[in-house]
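Chains as they are written, first to last, in my numbering: chain L, 1 to 213; chain X, 214 to 472.
Quick caveat, the hints were computed from the structure, so don't treat them as lab data.
Hints should not be assumed to be uniformly reliable.
[To be verified] No farther apart than 25 Å at their CA atoms in a straight line, the calculated lysine to aspartate or glutamate pairs in the DMTMM-like style are these:
#	chain 1	residue 1	chain 2	residue 2
1	X	LYS295	L	ASP81
2	X	LYS295	L	GLU72
3	L	LYS26	L	GLU195
4	L	LYS171	L	GLU136
5	L	LYS200	L	GLU157
6	X	LYS401	L	ASP128
7	L	LYS179	L	GLU23
8	X	LYS295	L	GLU45
9	X	LYS401	L	ASP92
10	L	LYS102	X	GLU378
11	X	LYS401	X	GLU378
12	L	LYS179	L	ASP165
13	X	LYS471	L	ASP128
14	L	LYS54	X	GLU378
15	L	LYS123	L	ASP165
16	L	LYS54	L	GLU212
17	L	LYS210	L	GLU45
18	L	LYS123	L	GLU104
19	L	LYS210	L	GLU23
20	X	LYS401	L	ASP81
21	L	LYS102	L	GLU122
22	L	LYS178	L	GLU212
23	L	LYS103	X	GLU378
24	X	LYS295	L	GLU14
25	L	LYS200	L	GLU149
26	L	LYS171	L	GLU195
27	L	LYS123	L	GLU136
Chain by chain, the residues:
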Amino acid sequence: MMLQIESLEYSVGEFNLGPLSFELEKGGYLAISGPSGSGKSLLMELIAGLRRAKNGKIIIDSANHTFTPPRERPVGLLFQDYALFPHLSVYDNIAFPLRIMKKESKVIDSRVKTLADYFSIEKLTGRDVGTLSGGERQRVALARAIAYEPNILILDEPLSALDEDLREEAKQTLADLKKMGQTIIHVTHNRNEIEGLASKSIALFQGFIKSEF
Amino acid sequence: MRFNNSFNLTYLIFALLGGIILIFLIAPLLGLFFSLKAPQLFSTINDSQVSNSIYRTLLISAFVTLIASLFALPLAYILARKRFPLKGLIEAIIDLPIVIPHSAAGIALLGFISRDSLVGSLASSVGLNLVGSSTAIGMAMAFVSVPFLINSARDGFAAVPVRLEQVAETLGASRYQVFTQISLPLAKRSVISGLVLMFARGMSEFGAVVIVAYHPMTTPVLIFDRFNSFGLDYARPVAAIFIAVTLLIFILLRIYQKR
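Bound conformation, chain L alone (with noise of 0.2 Å):
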C-alpha cells in the first residue's frame, strides 16, 4: 500500500474530523469529495504534514509519517490557486525543489526540460509566472509538484480554477500522470469531475467518510 491512513482524529473548533481510516494502493487515484465545511481540505493538510494530527497514524509507502514536518513527507501538493512563486520563472519554480535537494544543475536542467517536454510548457520556461494563462499556470504547478518524484500527489480542487474549454485538456493531463504510475489524491467538491480518473472514492460529511467504493 502507497498509503494507510488509520484512525485518523483531528480538532480545529468545534470542528471534528475523524476517525478515518483508509488505504490507498500504489499508483492509485483517490477521489476525496464533499461539501465545503465536509474537511477535505484538513485531511489534505494532515497528509501533506501542514497540520498535525491529534490520533491516528499516516503511514506512506511503510514508513510512518504521521509526525513528519511536511519538508520530509514523500507528499507533492498542487494547491487550487497553484501557488506559483511570483518572484521566480517558469524554469526556477519547477527548479525550485531540486534546488532545495542540492542536486546538481545539470541534474536539474535535465529534470527541467524533461517535464517541460511532458507538460508541453518548454516555451515558457523563461517567463515571468505573472505572464501565464489559467492552464499554463496548472501545468507549472504539476511540473514543480512531481520534479523530485514524491510517491503521492494531492490535488487540491486542480480543474475548479480553469475554464470549461481547459477542463478536458487538464484532465487529460491527469489521466496522463495516472498512467504513469503516479499515486495520486484529488480533492474536489464536484464527484463530475473525477469519473474516467479515479480508482477510489471517498465521500466526507461533517468530518466523517459518508461513503466509499
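Got chain L sorted already, so can you dock chain X onto it with the hints?
Structure of chain X alone, referenced to chain L:
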C-alpha cells in the same frame, strides 16, 4: 444632478483644505532655499566640519540600520506570522520610541549607558566610554528609528501569502529556507522601504542624539550648534545642504517604490 454637484463641491473643498496643508509643508523649505546666499552656501559646502558631520551622520545611520536589521527582521517575521501571548504588548513596546519625546528617550538612553550603569561600567572596564561616542550616537539613532523598519517589514511579511510558504515546505524547504528564498524576497519592497525609512529617520535624529553625544557632532546637532552660537544665517546653509541630502534619499525611495 444634485448629487453630482455636491460630490464635486465636496472634492473642491477637500482639495482646498488639502492644498493648505501642502503649502504649510513646502513653504518653509522653499523659503529656506530661496533665502540662501551663494557665497555662504559655497563656503559651507567647503567647510570640513560640515562635510565631516554629514559623512559621520550618514555612516553611523547606515551602519546601525544594517546591524539593527539582523535583529529587527526576525522579530518582524515572528510578529507577522505567529500569534502568542502579550503580542499586543510587544507591538506597543516597538511603537514606544515613536510616541515618547526623543529628548526623554535620550535621557533614558544616557542612564542606560552612563558609567554608573551596568552597560556603561562593563564598557568602561574594557576601556570604552560610551557617552559622547559614535556608539552612543548609533544607539540613539537606532532607538528612535528601528520601529519604522520593524513595522514596515512586518507588514511586508504579513502580505506574503502563507500558502506560498506552505507549498515551499511541501517541496522540501526548511523553515529557514522558506524565509530566505520565499518570504524575504517577496517582502523585499517593504523591507527595503523600512531600511531606508530607518536610515533616514536615524540620520535626522536630534533630540536623543544631542543628550547622549553632543560631540562628535552629527549634522542635526551641528545645525543646532551653529544656530545657538552664531545665529540663523550660519545655521541655514548647513540645514539646506542636509535637507537636500535627505530629500535625495526620499526621492530615490519613491522612484524605487514606483518601479
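Flag every earlier hint the structure violates by its number, smallest first.
none
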